[in-house]
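Engineer: Here's the letter readout for the chains.
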Amino acid sequence: MSKRLKKILPICAVLLAVLICIVWIIIQKSTMKNGRYADIRISGVSAARLDLDNETKKQFHGENDIDLTVVTGNGCVYVEKSECPDKICVKTGKISAVGEQIVCLPARIVIEVKN
Amino acid sequence: MLKNRLFAVLPIIMIMLSGCTDKNDSSFYSKDVFAMDTFMTIKAYGENAQTAADLAEKEIMRLDSLLSVNAPESDISRINNSSNGAVVSADTIKIMQKAAEISEKTEGALDITVYPILSEWGFTTGKYSVPSKERISELLKNVDYKNVRIDEEKSTVYVPENTYTELGSAAKGYTGDRVRDILKENGVKSGIINLGGNVCAIGRKPDGSKWIVGIKDPDDTEKVICTVKAEDESVITSGNYERFFIGEDGHIYGHIIDTRTGYPVDDNGLLSVTIIGADGTMCDALSTALFAMGKERALDFCRHESGFEAVFVGSDRKLYITSGISRDVEPSENIDTEVIER
Chain A
1 MSKRLKKILP ICAVLLAVLI CIVWIIIQKS TMKNGRYADI RISGVSAARL
51 DLDNETKKQF HGENDIDLTV VTGNGCVYVE KSECPDKICV KTGKISAVGE
101 QIVCLPARIV IEVKN
Chain B
1 MLKNRLFAVL PIIMIMLSGC TDKNDSSFYS KDVFAMDTFM TIKAYGENAQ
51 TAADLAEKEI MRLDSLLSVN APESDISRIN NSSNGAVVSA DTIKIMQKAA
101 EISEKTEGAL DITVYPILSE WGFTTGKYSV PSKERISELL KNVDYKNVRI
151 DEEKSTVYVP ENTYTELGSA AKGYTGDRVR DILKENGVKS GIINLGGNVC
201 AIGRKPDGSK WIVGIKDPDD TEKVICTVKA EDESVITSGN YERFFIGEDG
251 HIYGHIIDTR TGYPVDDNGL LSVTIIGADG TMCDALSTAL FAMGKERALD
301 FCRHESGFEA VFVGSDRKLY ITSGISRDVE PSENIDTEVI ER
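Chain order of the listed sequences is A and B.
Once you know that position 9 of the first sequence is 9 in the numbering used here, the rest is easy, because the numbers rise by one and skip nothing.
Once you know that position 111 of the second sequence is 111 in the numbering used here, the rest is easy, because the numbers rise by one and skip nothing.
I should point out that these hints are in silico values taken from the structure, not numbers from a laboratory.
Note that the structure is a prediction, hence the values are computed from the model and not measured.
A couple of the hints might just be wrong.
A few chain A residues that face chain B, going by a derived Cβ cut-off under 7 Å, partial list only [what the hints assert, rightly or not]:
id: 1; residue: I42
id: 2; residue: G99
id: 3; residue: V103
id: 4; residue: L105
id: 5; residue: R108
Straight-line Cα separation of at most 27 Å, BS3-like style, residue types lysine-lysine; simulated pairs [said to hold, decoys possible]:
id: 6; chain 1: A; residue 1: K81; chain 2: B; residue 2: K31
id: 7; chain 1: A; residue 1: K114; chain 2: A; residue 2: K81
id: 8; chain 1: A; residue 1: K114; chain 2: B; residue 2: K223
Yeah, the Cβ is synthetic: ideal placement off N, Cα and C, and Gly gets one too.
Chain B on its own, in the form it takes in the complex:
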């Protein structure tokens, strides 16, 4: 009798179970953020994902106000407009110190005082033009990261007259680090943050596999030239293929400036540089510096330095990959690779 009743109930249970096709994961939360002149997404997994993402958004907005070169009360504006130093936040001090470290290691390929030259070319306003050689020479006189004096004890930054700083080369990397820290502090063990193309992976995907980050093909940005598997690290790319203008002479001028000449980096053997590492601030700053250095100097730098991995897309359409990450890089079809040994 009982067996008969079981047989009667079983089909009903099966029908009910087959209706359970809802794949919504109640512990997943995704948030759009518009800040730092770009679009960002926070995707987090965990019971506290929404709270964590909301706190992370607040942090992004706080850093946007602090580091903006246009907002009158930002740390950067006050540094640039002060004749005897400006007291700034610990965040600004940290970013500037990291930028100075990278500037020193790359012999000035990264320089946070290059802002006036960027402006002159129109990269800060969208009003592009090719400046005269005389104007570039004039502005170059005030470009030197060594002129920025940081007094950590007094939380004060000093710059001489006519020297202007900006942290566009490292700000998003630092912001990614802060967002990652906040998400983790709030219990998020798995997530992916995309800040205008700068990617920060938290842990692994919920299925236990590493996150897969695509690196755009600089010659066709709708395609991916390779993928990188990432876990608890940032993946940050620099290149001239997204911010550039075409001059009246038909030449392409990109936004990454060669600090030795004041002209956009050109024909240096590289289409893009991607740096992978746990320190997002460093990855951001280093990707810009190595792109500016050009292929030979950048590859040589990688052979002698550690603490990060790199993927270079050469003008020869070849991928140059540091040995530590070569197993986690999957090139697209017909793309040659070369491993950089350390």
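This is chain A alone, in the form it adopts within the complex:
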């Protein structure tokens, strides 16, 4: 192997490693999509994590025997049905931004968008 090649090869190896890292990070971030999910908590304990981009409909049983039907999809989450008296959780509508919450006080269920 020529002297020049011996000098260049290690540098090429480092550059190739850097390129692989960059490509890997890009692939990782793109497969995470935007990373948002709905954290469903009942009386402060996390009961489920639902990807906002997956279409799901799930029922949760909260305090005071109250059932809530939670729907996710198209990047948002909302309460479709609730057995609570005031239905404030239903009236809150769809949420999608990180930090937004839907709270059902009687059922002690909190739905929070997280990243």
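Fit chain B to the given chain A structure using the hints.
Structural biologist: Relative to the frame of chain A, chain B by itself:
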């Protein structure tokens, strides 16, 4: 040779480092609390954050039992049901003294004896109705904060027959102060507490910037009408836009009562009042009082008093901001502001 080995190891280290995308902060802890008929969150940063938040939750539950108007053994129930005074906790004494101070300064705009009127309108039960004028007049006879006698030495509170107290106008503010104290005592230097909309900021955010608290737009509560930067202080808002009912006459009746008339405050130039200050109990009580006073009296009060800052949302959709905080308030687009000079 060594240089070659370094070059071989370096890429491996870089690949490993690029995998470190976990952004979890092990010193951050968040807790949900359901108490005082509302939802609360405690978010704390620090090595002891979880322990501190757990202790804070216990304190919230203790104060909820103490200050509840419905629990038979609470301080408030025992005061209301006793004919010759009730021995109460130091917490209840402190809140009542602060409320009395605000009542005095605002000429009775805040009155902790207004509970029977609140009940008559249905704001305590959810069974809303418009009482008759005669019934309001009858109940108003027993509404007077001056009838509440506090004996601090004996830790006793006396109220005459047919007078009923409740501390809904200041209890959450006091609770925020206690939670803040407990978190700080346990080493938390950065945190944010939200007690059903009452916000208490501890220190600054971990990045060194002030906490940013949004004030809801009373006409569209899904939006924010402005933000306030806060550090080591409470930000507490009062208004009629969240607790109200629509009567059979089509009129909107809010839960903040004008203690002079026994009727809900109406058309007084204000949509909401936000008070910012280090004393959460005072902020809570004052926000209710100033909302009840109406725009002109409230603005005048602010020009002559100190120890707090204020943001008023007027019925004219304008923000009135005290001069001490004007630099920390960021209005939303197309919202006019006016600075209240002291």
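Engineer: Against which earlier hints does the structure fall short, listed by number upward?
Structural biologist: Violated: hints 1, 2.
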